[in-house]
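Peer 1: As numbered in the numbering used here, residues 1 to 239 make up the sequence shown, in order.
It is worth saying that the hints were derived from the structure and are not from the lab. This one's a predicted model, so the numbers in the text were calculated from it and none came from an experiment. Errors might be hidden in some of the hints.
[To be verified] Derived DSSO-like pairs: lysine-lysine, alpha-carbon spacing no greater than 27 Å straight-line:
# : residue 1 : residue 2
1 : K21       : K40
2 : K197      : K40
3 : K40       : K227
4 : K21       : K10
5 : K154      : K227
6 : K10       : K40
7 : K21       : K154
8 : K202      : K40
9 : K10       : K90
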Amino acid sequence: MTDLSPQLSKIAAIRHGFGDKSSLLPDDLQPFQESQANKKQVHGTRIVDVTQPRQECGEADGLYTTQAGILLTVLTADCLPVIFSHRQGKGIAVVHAGWRGLLDGIILNMVERISRDDDPANWVAAIGPAARSCCYEVNEELVEQFVNQLPLAKNIITPRYRRLNLAAIAEHQLRGAGIQQVELIGGCTICTIVQDKDDASKVQFKYTSYRRTSQQQAIDPTHPSIKGRNQYSGLIILP
1 MTDLSPQLSK
11 IAAIRHGFGD
21 KSSLLPDDLQ
31 PFQESQANKK
41 QVHGTRIVDV
51 TQPRQECGEA
61 DGLYTTQAGI
71 LLTVLTADCL
81 PVIFSHRQGK
91 GIAVVHAGWR
101 GLLDGIILNM
111 VERISRDDDP
121 ANWVAAIGPA
131 ARSCCYEVNE
141 ELVEQFVNQL
151 PLAKNIITPR
161 YRRLNLAAIA
171 EHQLRGAGIQ
181 QVELIGGCTI
191 CTIVQDKDDA
201 SKVQFKYTSY
211 RRTSQQQAID
221 PTHPSIKGRN
231 QYSGLIILP
């Protein structure tokens with residue numbers, strides 16, 4: 001079942017959703033697929049203003065629009081999908097944020113872009129399914145890089161030894177930059193399981209996960225890659 005934000009669901013002017021393996025593009029967004037803005041995600045910090053349907057945005061990891069009828073999405077398979085909306089749906093935005101993007105400031109870049117048009121306090125943000133600290137193990141050098149570069153308490157960045165809490169980092173960055181209404185939606189992309197829709201006695205992983213897939217391929221080289229099976233998260237101002 002597609003993950004939805006309770007707060008974003010209250011905004012009548014938009015539709016949104018976070019994809020998973022059963023519905024890579026959320027059901028509510030499928031009717032608008034042809035309007036989707038296109039970009040190449042590169043774990044960077046570039047934000048692009050989208051002004052027309054099917055706009056070619058080049059290399060970008062954040063999209064922003066105040067125009068109706070344009071679907072904004074990001075593709076993820078462990079990184080954070082973060083979607084934003086004005087409380088009345090007067091503007092929307094999306095961000096793809098992995099550890100590089102968080103360190104380099106893509107969340108803050110997006111809030112700065114929003115602030116050029118409006119007070120960020122008028123906006124809502126939802127952080128979607130991603131690798132959570134239960135499973136996202138990294139080396140000590142990367143943990144130290146986060147601790148040294150970000151003005152956050154160490155227990156927020158790394159609540160367990162060599163684990164990063166990307167969602168908590170993003171939430172604190174958003175609140176610190178002025179967006180107070182922030183939701184965490186969905187589960188860990190690496191370990192969350194659900195009942196098989198065709199056989200209730202079986203379970204399956206809910207989300208596509210790059211890290212889990214890599215681990216499975218190390219055991220079984222014939223295990224399929226995730227190419228073409230990343231999940232979309234996004235939203236649209238209704239035309």
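Peer 1: Does K197 pair with K40 here, judged by a C-alpha cut-off of 27 Å?
Peer 2: Status violated; Cα separation ~33 Å.
Peer 1: Checking one constraint from the list: CA of K40 to CA of K227, max 27 Å. Satisfied?
Peer 2: 14 Å, holds
Peer 1: Taken at face value, is the distance from the CA of K10 to the CA of K21 at most 27 Å?
Peer 2: This hinted pair holds, its Cα atoms lying about 25 Å apart.
Peer 1: Does the alpha-carbon distance linking K21 and K40 stay inside the 27 Å limit?
Peer 2: Roughly 21 Å between the alpha carbons, so the hint for K21 and K40 holds.
Peer 1: For the pair we were handed, K154 and K227, check the Cα-Cα distance against 27 Å.
Peer 2: At roughly 34 Å apart (the allowed maximum being 27 Å), K227 and K154 break the hint.
Peer 1: Quick one, are K202 and K40 close enough, alpha carbons at most 27 Å?
Peer 2: Distance of about 36 Å is beyond 27 Å: violated.
Peer 1: With the threshold set at 27 Å, check whether the alpha-carbon distance from K10 to K90 stays at or below it.
Peer 2: 14 Å, holds
Peer 1: Holds or violated: K21 with K154, Cα cutoff 27 Å?
Peer 2: 33 Å, violated
Peer 1: Is K10 close enough to K40, meaning Cα to Cα at most 27 Å?
Peer 2: 31 Å, violated
In summary, the structure is inconsistent with hints 2, 5, 6, 7 and 8 from the numbered list given earlier, while agreeing with the others.
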